[in-house]
Amino acid sequence: MNPRPGLDFASIPERIQTEVQRAIQRSIKGVEYIASSGPTPGETPKDVILSRGTMQLYHYRPLADELYRIPLLIVMATTNRGYILDLAPGQSLVEFLIKRGFDVYMLDWTAPKPEEKSLRMEDYVLGFIPDCIKAVQRDSGESDVNIIGYCFGGVLSIMYASIFAGGPLKNLVCFTTPIDFREMKLFQSFSDRRYFDVDRLVDSIGNVPPEMIVTSFDMLRPAARAMSQVQLWENIWNDGYVKSYRMMDKWGADTLPLAGEYFRAITKDLMWDNKLYNDTMSVGGRAVDLSKITVPILHAMAEHDHIVPYEAAKHLIAKVGSADKEEVILKGGHVSLVAGANAVKRLWPKLESWLSKRSI
Amino acid sequence: MADKSSDPLAMWHTMLGEMEKNYNAFATQAMTSPEFSKVMNQVGGVTAGAQKQFGDLMEKYLVAMNLPSRAQVVSLGERLHAIEGQLNEITALLRQVHHNSGAPDDGYGAPRPPRTKRPPSEGDPK
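From first to last, the protein sequence lines are chains A and B. Final position of the first sequence in our numbering is 879; the numbers increase by one with none missing. Final position of the second sequence in our numbering is 171; the numbers increase by one with none missing.
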């Protein structure tokens, strides 16, 4: 019998030896995995400079000898914790930016309390973001401010930028920011107005629990969690992989509840009526007209984003009135666009190159 | 190096990847149907209602047992949070005053780097 073409018999003993060693390591590391609590993300030194209910404003301590003139405010998505952008030394977008001379602030969120169920879209767009901008101006001594908005943080940021088109926003960067909510097909199905009674849900439970949000994210890729467990077991001998896995897993599970009224507005105005795309959105009686955004804008999207598909995000650049505007589509998914080994090579250098020229 | 087409581990990984892709595609198709949405929201509505009723019942039970109710604990938490917020604001103001006074310090109050940085020219080492 002839050997199968391509099968390298000489390498078999070596492969077996490697696999046996890994199997032993899996057993040892598997016990360590269960017994330990995992790495702690979000450790870049920072100070809370403003805190009000669900809103937290951090300032990261500078690590460079010189700073760019314009401070940078990162607006995090309201469903997730900001430490996805500050996972660990060498894997932290925040650390990368402050080492490159950016003065970085982050608007991060904590779980809204039951009493905060009445927070509305206007509290976020006309209250929290402008208050943070003022605090950044006061703290930095600069009148201009740049913003990076991630996912729904991007949605809030473009609403802010449109309503406060006269400034002080100088440059805007959006990561995976949805505009056309019809294209978020599964979320559309989950919130189908014929069957989803958002009023009943919000009126009965107040804030939308994180379990519901995690489940809806998980349902976008139902096999992903099981497959990630298989991959973890295969790679449990690899400390680097396990560390990254644990941080991502912790972050994924650390989803925040959403304030009830805010969720109601997202469902009705965006998921049902698609008002942002249809140019009929208003917040607190103030029209959101994306064509009024004239500041330089960069929109970074991910090729394999299963949460905000390209079709849902692609209209942003076409709709804004900026002359200086650019969109980039990078390999990766919704999270790997901003965090992890690929982000270090793809998004981060692009971001630095775009922002540094506009931060002086 | 062994050819991927005949490497059992590579074949296993490919098979797993394909399985995941196919399962996700199948499930996604099923979940976009109106029937799925109807059933999901009926179940979700019942669950949310039951959770709310259970929560209300527990609240009454705690009051009867002379234990602090959730509302009271949350209220205490709120007050602590408000105090924390005020402390943060006071700390920020103190930092500002310290910073403006120009006094040296080895902590956060140390003067911040000047805002004079220029973007690197093309080809500059980072």
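By construction, these hints were calculated from the structure, which means they are not laboratory data. Heads up, some of the hints might be wrong.
Simulated crosslink set (DSSO-like; lysine-lysine; CA at most 30 Å straight-line) [claimed, not checked]:
{"#": "1", "chain 1": "A", "residue 1": "K632", "chain 2": "A", "residue 2": "K618"}
{"#": "2", "chain 1": "B", "residue 1": "K105", "chain 2": "A", "residue 2": "K833"}
{"#": "3", "chain 1": "A", "residue 1": "K704", "chain 2": "A", "residue 2": "K689"}
{"#": "4", "chain 1": "B", "residue 1": "K162", "chain 2": "A", "residue 2": "K844"}
{"#": "5", "chain 1": "A", "residue 1": "K769", "chain 2": "A", "residue 2": "K689"}
{"#": "6", "chain 1": "A", "residue 1": "K653", "chain 2": "B", "residue 2": "K83"}
{"#": "7", "chain 1": "A", "residue 1": "K769", "chain 2": "B", "residue 2": "K66"}
{"#": "8", "chain 1": "B", "residue 1": "K105", "chain 2": "A", "residue 2": "K704"}
{"#": "9", "chain 1": "A", "residue 1": "K844", "chain 2": "A", "residue 2": "K833"}
{"#": "10", "chain 1": "A", "residue 1": "K704", "chain 2": "A", "residue 2": "K876"}
{"#": "11", "chain 1": "A", "residue 1": "K769", "chain 2": "A", "residue 2": "K844"}
{"#": "12", "chain 1": "B", "residue 1": "K66", "chain 2": "A", "residue 2": "K632"}
{"#": "13", "chain 1": "A", "residue 1": "K689", "chain 2": "B", "residue 2": "K162"}
{"#": "14", "chain 1": "A", "residue 1": "K864", "chain 2": "A", "residue 2": "K653"}
{"#": "15", "chain 1": "A", "residue 1": "K762", "chain 2": "A", "residue 2": "K844"}
{"#": "16", "chain 1": "B", "residue 1": "K83", "chain 2": "A", "residue 2": "K876"}
{"#": "17", "chain 1": "B", "residue 1": "K83", "chain 2": "A", "residue 2": "K864"}
{"#": "18", "chain 1": "B", "residue 1": "K105", "chain 2": "A", "residue 2": "K864"}
{"#": "19", "chain 1": "B", "residue 1": "K83", "chain 2": "A", "residue 2": "K787"}
{"#": "20", "chain 1": "A", "residue 1": "K869", "chain 2": "B", "residue 2": "K83"}
{"#": "21", "chain 1": "A", "residue 1": "K762", "chain 2": "B", "residue 2": "K66"}
{"#": "22", "chain 1": "A", "residue 1": "K704", "chain 2": "B", "residue 2": "K66"}
{"#": "23", "chain 1": "A", "residue 1": "K769", "chain 2": "A", "residue 2": "K876"}
{"#": "24", "chain 1": "B", "residue 1": "K66", "chain 2": "A", "residue 2": "K618"}
{"#": "25", "chain 1": "A", "residue 1": "K850", "chain 2": "B", "residue 2": "K83"}
{"#": "26", "chain 1": "A", "residue 1": "K794", "chain 2": "B", "residue 2": "K83"}
These numbers come from a predicted model, not from an experiment.
Structure-based check of all given hints:
1. A:K632 - A:K618: violated, 35 Å
2. B:K105 - A:K833: This hinted pair is violated, its Cα atoms lying about 51 Å apart.
3. A:K704 - A:K689: Violated, because 34 Å separates the two Cα atoms, which is more than 30 Å.
4. B:K162 - A:K844: Holds, because 24 Å separates the two Cα atoms, which is no more than 30 Å.
5. A:K769 - A:K689: violated, 34 Å
6. A:K653 - B:K83: violated, 45 Å
7. A:K769 - B:K66: holds, 24 Å
8. B:K105 - A:K704: violated, 42 Å
9. A:K844 - A:K833: Holds - the C-alpha atoms of A:K833 and A:K844 are around 13 Å apart, at most 30 Å.
10. A:K704 - A:K876: Given pair A:K704, A:K876 is violated - Cα atoms ~37 Å apart, limit 30 Å.
11. A:K769 - A:K844: Violated, at roughly 35 Å.
12. B:K66 - A:K632: Between B:K66 and A:K632 the Cα gap is close to 38 Å, so the pair fails against 30 Å, i.e. violated.
13. A:K689 - B:K162: Holds, at roughly 17 Å.
14. A:K864 - A:K653: violated, 33 Å
15. A:K762 - A:K844: Outside the cut-off at roughly 37 Å; violated.
16. B:K83 - A:K876: Status violated; Cα separation ~51 Å.
17. B:K83 - A:K864: The given pair, whose Cα atoms are some 43 Å apart, is violated under the 30 Å limit.
18. B:K105 - A:K864: Status violated; Cα separation ~56 Å.
19. B:K83 - A:K787: holds, 18 Å
20. A:K869 - B:K83: Not OK: A:K869 and B:K83 at ~44 Å, beyond 30 Å, violated.
21. A:K762 - B:K66: The given pair, whose Cα atoms are some 25 Å apart, holds under the 30 Å limit.
22. A:K704 - B:K66: Judged against 30 Å, a Cα distance of about 17 Å means the pair holds.
23. A:K769 - A:K876: Judged against 30 Å, a Cα distance of about 35 Å means the pair is violated.
24. B:K66 - A:K618: violated, 39 Å
25. A:K850 - B:K83: Roughly 35 Å separates the two Cα atoms, so the pair is violated.
26. A:K794 - B:K83: Within the cut-off at roughly 24 Å; holds.
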